[in-house]
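Turn these sequences into a full structure, and let the hints steer you where they fit.
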Amino acid sequence: MPLQLFLNELTLTAEDLSHAEAVRMLKGIVEVAKAARAVSGAAVLNCECAINALPLGANFTVAAVRNAGDCVTETLFLKTLQDRAPLNQALQDPGAPDASNVEYKLPEDSPVSPGAAAQALGLSHLLDGLTVSLPTHAHWRGPEVPLDRLELLGNGELQSAAVIARNAYCADDVSYHSEALRQLSLPQFSSGAELWLNREALLPRLRFIPRTRAQIEGILEGDPVLESVWGKLMGIDRAIETWRRTGGARPRFPFNVRPESRSRMGLVAFNDADGNSRAFSDHTDFAPGEGRIHFIVGVEPDRHALIGHVGRKLGIG
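Everything in the sequence shown is counted per the working numbering, starting at 3 for the first residue and increasing by one.
Honestly, the hints are just simulated from the structure, not real lab data. Any given hint could turn out to be false.
Straight-line C-alpha distance at most 25 Å; calculated SDA-like pairs for lysine to any residue [said to hold, decoys possible]:
id, residue 1, residue 2
1, K81, R254
2, K107, L93
3, K107, Q94
4, K107, D95
5, K81, K107
6, K315, S193
7, K36, S112
8, K81, V25
9, K81, E23
10, K36, L204
11, K315, S192
12, K107, Q121
13, K107, A16
14, K36, P206
15, K81, S180
16, K36, C172
17, K81, A52
18, K107, A119
19, K107, V74
20, K107, T15
Pasting the structure below:
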């Protein structure tokens with residue numbers, strides 16, 4: 003599943019910022035999100051409001067900084083990043099724990115906002131995610147933030163525990179957590195057969211033509227191809243989800259997707275579930291070896307990707 007990023011609401015400032023400071027704030031958010039996605043393969047940025055409406059100081063928003071044209075690279079990246087609001091929407095995900103009796107606060111001896119409720123940090127701890135903080139105080143410029151976790155037990159007793167939430171304000175902080183984040187992104191299945199069996203729950207925006215079943219089920223337990231194929235299928239699925247929400251002519255993928263050359267189009271014509279031959283031109287690579295996933299982006303009955311090939315590069319023997 004994608005890594006859950008939570009933008010720390012406690013790091014937002016109500017002070018006026020210069021344009022240069024606002025640009026640095028936006029670039030910092032993108033730096034962390036990009037580094038996290040590079041480690042985990044897929045990421046969702048959870049904010050209290052839509053990312054474009056996020057305030058950068060009292061006088062700027064993300065949209066205002068993007069529209070000024072100073073963050074072209076960052077703007078392109080944000081178009082490929084799945085985001086959602088509000089923060090607690092993550093608690094509606096299948097399998098999310100019940101948080102109704104749990105509260106997270108900064109400790110009373112915190113150098114900033116002592117005793118304040120910490121929603122993003124708390125969700126990061128509860129859901130095993132990563133907090134994204136703006137560097138508005140030295141306390142936020144590090145890979146870990148201490149919290150007090152309060153839980154009301156069934157017998158009415160209030161249980162308190164000191165915990166640590168993962169935090170990042172720069173790419174180096176993400177590197178600090180890289181091994182743990184990588185483990186979180188590993189597939190929760192051990193073979194291609196299990197992936198196929200659970201494909202509708204794991205990859206709800208993808209459809210598969212009949213020939214792909216044997217290809218996916220043929221990936222055996224322990225084969226390094228499994229993790230690679232999962233990462234690419236998950237990336238396509240998340241790109242379709244973002245496309246559904248943001249619109250546009252085409253989805254934006256978090257990795258290189260390119261059309262097949264004209265001379266090879268005959269190799270990528272496969273029958274769909276209705277027996278119709280279709281050209282699965284769009285494709286991306288996966289390792290190890292010369293692996294390819296070919297697919298078609300569709301809009302009926304809803305926006306989706308139809309997977310036509312999961313295997314070796316076609317036509318090479």
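Against the structure, the hints:
1. K81 x R254: Holds, at roughly 7 Å.
2. K107 x L93: Answer holds: K107 to L93 is near 18 Å, not above 25 Å.
3. K107 x Q94: Distance of about 22 Å is within 25 Å: holds.
4. K107 x D95: holds, 23 Å
5. K81 x K107: Not OK: K81 and K107 at ~33 Å, beyond 25 Å, violated.
6. K315 x S193: holds, 21 Å
7. K36 x S112: violated, 29 Å
8. K81 x V25: holds, 17 Å
9. K81 x E23: Holds. K81 to E23 sits at ~22 Å (cutoff 25 Å).
10. K36 x L204: holds, 23 Å
11. K315 x S192: Holds, at about 24 Å.
12. K107 x Q121: Cα-Cα ~8 Å, so holds.
13. K107 x A16: holds, 21 Å
14. K36 x P206: Given that 25 Å is the threshold and the Cα spacing comes to 24 Å, the pair holds.
15. K81 x S180: Judged against 25 Å, a Cα distance of about 24 Å means the pair holds.
16. K36 x C172: This hinted pair holds, its Cα atoms lying about 10 Å apart.
17. K81 x A52: holds, 13 Å
18. K107 x A119: Distance of about 4 Å is within 25 Å: holds.
19. K107 x V74: Violated, because 37 Å separates the two Cα atoms, which is more than 25 Å.
20. K107 x T15: Within the cut-off at roughly 19 Å; holds.
In summary, the numbered hints that this structure violates are 5, 7 and 19.
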